[in-house]
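Going down the list, the sequences are from chains A and B. The first sequence begins at 271 in our numbering and counts up one residue at a time. The second sequence begins at 271 in our numbering and counts up one residue at a time.
No lab work stands behind these hints: they were computed from the structure.
Where chains are identical, the list cannot tell them apart; a pair therefore holds if satisfied intra-copy or between any two copies.
Restricting the straight-line Cα-Cα distance to at most 25 Å, the calculated cross-link-like pairs of lysine-lysine (DSS-like) are:
#1 Lys-342 <-> Lys-445
#2 Lys-439 <-> Lys-408
#3 Lys-445 <-> Lys-408
#4 Lys-408 <-> Lys-346
#5 Lys-408 <-> Lys-342
2 protein chains.
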Amino acid sequence: MRRSVVSMAAGSRLECVRSVRGVVLDMCGVLYDSGEDGGHAIAGSVAAVQRLTDSGLIVRFCTNETQNTREKFVQKLRRMGFDISVSHVFSPAPALVRILRERQLRPHLLVHDDLMPEFDGLDTSSPNCVVIGDAADKFSYQNLNEAFRVLIGLEQPLLFSLGRGRFYKETDGLKLDVGVFMKALEYACEVQAEVVGKPSAAFFHTVLTDMSLQPHEAVMIGDDLVNDVGGAQSCGMKGIQVRTGKYRPSDEKHASVRADGYMDDLSAAVDAILTSSHR
Amino acid sequence: MRRSVVSMAAGSRLECVRSVRGVVLDMCGVLYDSGEDGGHAIAGSVAAVQRLTDSGLIVRFCTNETQNTREKFVQKLRRMGFDISVSHVFSPAPALVRILRERQLRPHLLVHDDLMPEFDGLDTSSPNCVVIGDAADKFSYQNLNEAFRVLIGLEQPLLFSLGRGRFYKETDGLKLDVGVFMKALEYACEVQAEVVGKPSAAFFHTVLTDMSLQPHEAVMIGDDLVNDVGGAQSCGMKGIQVRTGKYRPSDEKHASVRADGYMDDLSAAVDAILTSSHR
Chain A
271 MRRSVVSMAA GSRLECVRSV RGVVLDMCGV LYDSGEDGGH AIAGSVAAVQ
321 RLTDSGLIVR FCTNETQNTR EKFVQKLRRM GFDISVSHVF SPAPALVRIL
371 RERQLRPHLL VHDDLMPEFD GLDTSSPNCV VIGDAADKFS YQNLNEAFRV
421 LIGLEQPLLF SLGRGRFYKE TDGLKLDVGV FMKALEYACE VQAEVVGKPS
471 AAFFHTVLTD MSLQPHEAVM IGDDLVNDVG GAQSCGMKGI QVRTGKYRPS
521 DEKHASVRAD GYMDDLSAAV DAILTSSHR
Chain B
271 MRRSVVSMAA GSRLECVRSV RGVVLDMCGV LYDSGEDGGH AIAGSVAAVQ
321 RLTDSGLIVR FCTNETQNTR EKFVQKLRRM GFDISVSHVF SPAPALVRIL
371 RERQLRPHLL VHDDLMPEFD GLDTSSPNCV VIGDAADKFS YQNLNEAFRV
421 LIGLEQPLLF SLGRGRFYKE TDGLKLDVGV FMKALEYACE VQAEVVGKPS
471 AAFFHTVLTD MSLQPHEAVM IGDDLVNDVG GAQSCGMKGI QVRTGKYRPS
521 DEKHASVRAD GYMDDLSAAV DAILTSSHR
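Here chain A stands alone, though its shape is the one from the complex (with noise of 0.2 Å):
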């Protein structure tokens, strides 16, 4: 089914938009761009996320980092300007370690060192699962086999991974995401890895419950297609993709994934859903 599609310069109307109460923003490529300097917000998009909270939709953050706790995250993304509060920003971390606690599992651990944190209290002595994140330069070959090694010696391989993105963009450059290390792993041990995170429908609707919406009420910005975009509309919301971040042009004519809109940024995106929704 193609959908139509709609791409307009700021200040255009969203059909599709017009009768949402709640708008769900990823972060990273959309409200800024993330580097080795820690990064800097995308023009516009502070004064975006002001006028979307001030327009009484209700406003969610919901991001796949794992190189940060949630409370540092927001942290950081305080000093750019943004008014966030952590309890509206949802991350894999703290959704898995409910999952870990509810079945009792001691995770092997290979993420980010200021994520570790998340974890902490968590029985990690004989593992029974591993856990990833995106551990960037702890990608290793060495870390990457010892993961191997657990999986490989438990009867029952169990592989969670926080998110399955391929790649984000840097300030100096594209990077290898968590979900190409699942996959690596995945073929080693012949799992399927349990996805924690976008795009999986239950981190949506874990969301969507704290935003007292149904899913056509919502409506998610990101800048990854398959993730953000076609993880939300999975789950019934709309998806608009930015032209920030890691977009390319190629995503607009991607095989199976259709955004509801293309907009050039968060800024124009918010202006069009303002405007659609005579807010």
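Use these hints to put chain B onto chain A, whose structure you have.
Chain B alone, transformed into the frame defined by chain A:
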């Protein structure tokens, strides 16, 4: 289809190989176990190769080894006591170099330092394809990012993988093989790699041509059920798995590949072949 399978002690017969005229031997995990220390011959395998050669059967060696040039690799095996000539050893790098020259490709190489001399004389400026081998410790996040950026920057990403193995066994434990990183880059770039080496049919046919044999006249002996046994069977050869190297008991219950015979080690396999073929 479930084949009748034999699993016997040394000296037993292997009906399936009664009329074979040639034997193709995998090397790592069959002739020797590799390791940081250079590895060591598997008990009985030096003498087994000699018995095979003396029997009049045509013998070739077929390896996905890409941590060394073929010359250095054969030197290592000779030091372990094996009587092997370089011209009887088939490995992926020389086969790939022929392909690169024929198709006038300029590779970005993510391969083991010790394999680099195989690519001497090739133009590697402005690469228009990526080649990965078993780069071991060179599979760092940084090097994988670099290979990824070359691929994603090409209009049609072209990835060659020297084998598609999942893992292998060294004296200090199991290690991830090139196939795992092939899968990683395939996912990152949404491409399918061209595999050079086992289990590629083209690779087995090169060996058979050199032996002047039809597929049904040859048997492959390997420790890798999928790449050695399954690859050879796909070409019409017989395939025997030995219970050394990376062999795991679960291989004998594999969902899709079933060896024509399982033998404890090369020595037992050779005895069975010689007995069955009345040599």
